[in-house]
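Engineer: Sequence:
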Amino acid sequence: MGNTLINAYAKNGDVLDAQNVFDKMPERNFVTWACLISGYSKCHSIENARYVFNLMTDKDSVTWSSMISGLDQNEFFEDALMNFLEMKRNGLMPSNFTLISALSSCSSLGWIKMGEQTHCESVKSGLDRDVSVSNTLLSLYGKCGEIDYCETIFSRMGERDEVSWNSMISGYIKSERLVEAMDLVWQMLQNGQRLDNFTFATVLSACASVATLEHGMEVHACAAKAHLVSDVVIGSALVDMYGKCGRIDYASRFFELMPIRNVYSWNSMISGFARHGDGHRALGIFARMRSECQKPDHVTFIGVLSACSHVGLVNQGYEHFESMSKVYSLAPRVEHFSCMVDLLGRAGEFDKLEEFINSMPIEPNILIWRTVLGACGRSNGRMLDLGKRAGKMVMELEPQNAVNYVLLANMYASGGKWEHVAEARRAMKIAACKKEAGCSWVTMKDGIHVFVSGDKSHREADKIHEKLRELYGRMKEMGYVAQIKYALYDVEMENKEEVLSYHSEKLAVAFVLTRESEMPIRIMKNLRVCGDCHAAFKYISEIVGRRIVLRDSNRFHHFEGGRCSCNDYW
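Using UniProt numbering, read the sequence shown as starting at 1 and increasing by one per residue.
Calculated from the structure, these hints are not laboratory results.
Among the clues, some could well be false.
Pairs of lysine-lysine, DSBU-like flavour, derived with a Cα cap of 30 Å [as the list claims (entries may be wrong)]:
#	residue 1	residue 2
1	Lys-417	Lys-445
2	Lys-42	Lys-113
3	Lys-445	Lys-456
4	Lys-456	Lys-538
5	Lys-434	Lys-417
6	Lys-352	Lys-434
On a predicted model such as this, the values are computed, not experimentally measured, just so you know.
Make the full structure from the sequences, and use the hints.
Structural biologist: Put into structure tokens, the structure is as follows:
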């Protein structure tokens, strides 16, 4: 009777009543102690749980399991694993519940080696066949990027539940294998299993990260079929996905239909408009957010300050930045200082930029100096001294990061300092840095097509290059002149033009134009678009009479009728 009462009180969080029953019991067994330990753990009173556990002179596997589980659930992961090892040293065999807690702690810490050892123990004892143990193994290996192990475990599972499927899908996404994740989504639905809202949101986030609109829309359809689109987590993920996949109109429409919005919903919409260069609408959403009494957080202000940066609203940017601490008691973080540096740099307010950096209460880190260097690279050689200072700092802070050398070379190239460009490239070689290759991709009915600069490997390369030559001929008739400062090599004029001609985004647009369609062209790029490609896309949009949407690492550009949505302020 006493054990039943303690267990009931503990489950309801009435741990003091549970303790009173425990104190009055004339006899206690292992289950009694385990119930009280679990009760304290569930109420996050882990020190009391430890105290009760340490009072025991003799412990069995149930009490050890209760203590290990409590430590894991309260995020004392290392302590949980130390207790797990101590339990085994005492000659006690772990149960499936003990293994689940130990594997969960390994997963949270990323301790793959200990996780593998615990996995071996589960195999020896036959407990790996328990579906909950298998699910925890899937979570462990998925989080640690060991997707091959996940596939082996998943294929051997005699029984799978919704957690199994969701864990496997999350593992594929963690390993950036979106196609396999999507295949598993369809299999899961065909088997009558239900995706939870977290997995739906995770899949949508993966679609957003690589901007695969079609896959995102398919997941949206599945969520609608499962009657989950009204869920605020999924709804917010849909707003984020559509915004990052270039359909800000869909994002806005869905946002307005959401019955409930949380801070993530508002942040997704603000950041979406900012990313598309529509700073005024982003600030309008922020005003609505405040009027509806939704308190902004740090992420909100990154979106707000980015919106100000993309449209050059310097004064408003200062006002919002200062309101963080004065109105909302939010201490600005390095990301917010970086946004302000970017805002001032884009606006050409370099005196204010230097003053702002010197007045910062924190030491400028790599993010700040890299932002300064990028801003100097857009100054057409006017801010070489500040750029050199920023370049020196980024090299000291991250000498192995190729991005820093590229930004420095870009700055010198913008001022025509080709000897310094060559020096920056030589320094990058000496530092053995590997520059991330620029690539662009488009999603067509027959799959995703990826292009790199100068690419001749595509099966339709001849048609693509022929289309590109045709476009260049018409562009030059309209007055296009190659902006050779974006070719970071001190070579002859003709060679520079050729280097620029085959940038990955130009190959991508030429490829799409070899197909018969009147639909808008959507291109994604992993790096920032160069000025020459930006100028070329304006001409191409006018020549072909189609809208071109380009997402680079910074923002979206919408080209139509010879104009870009950024109004050349980017």
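Engineer: Starting from the hint list further up, note which numbers the structure goes against and sort them upward.
Structural biologist: Those not satisfied are hints 1, 6.
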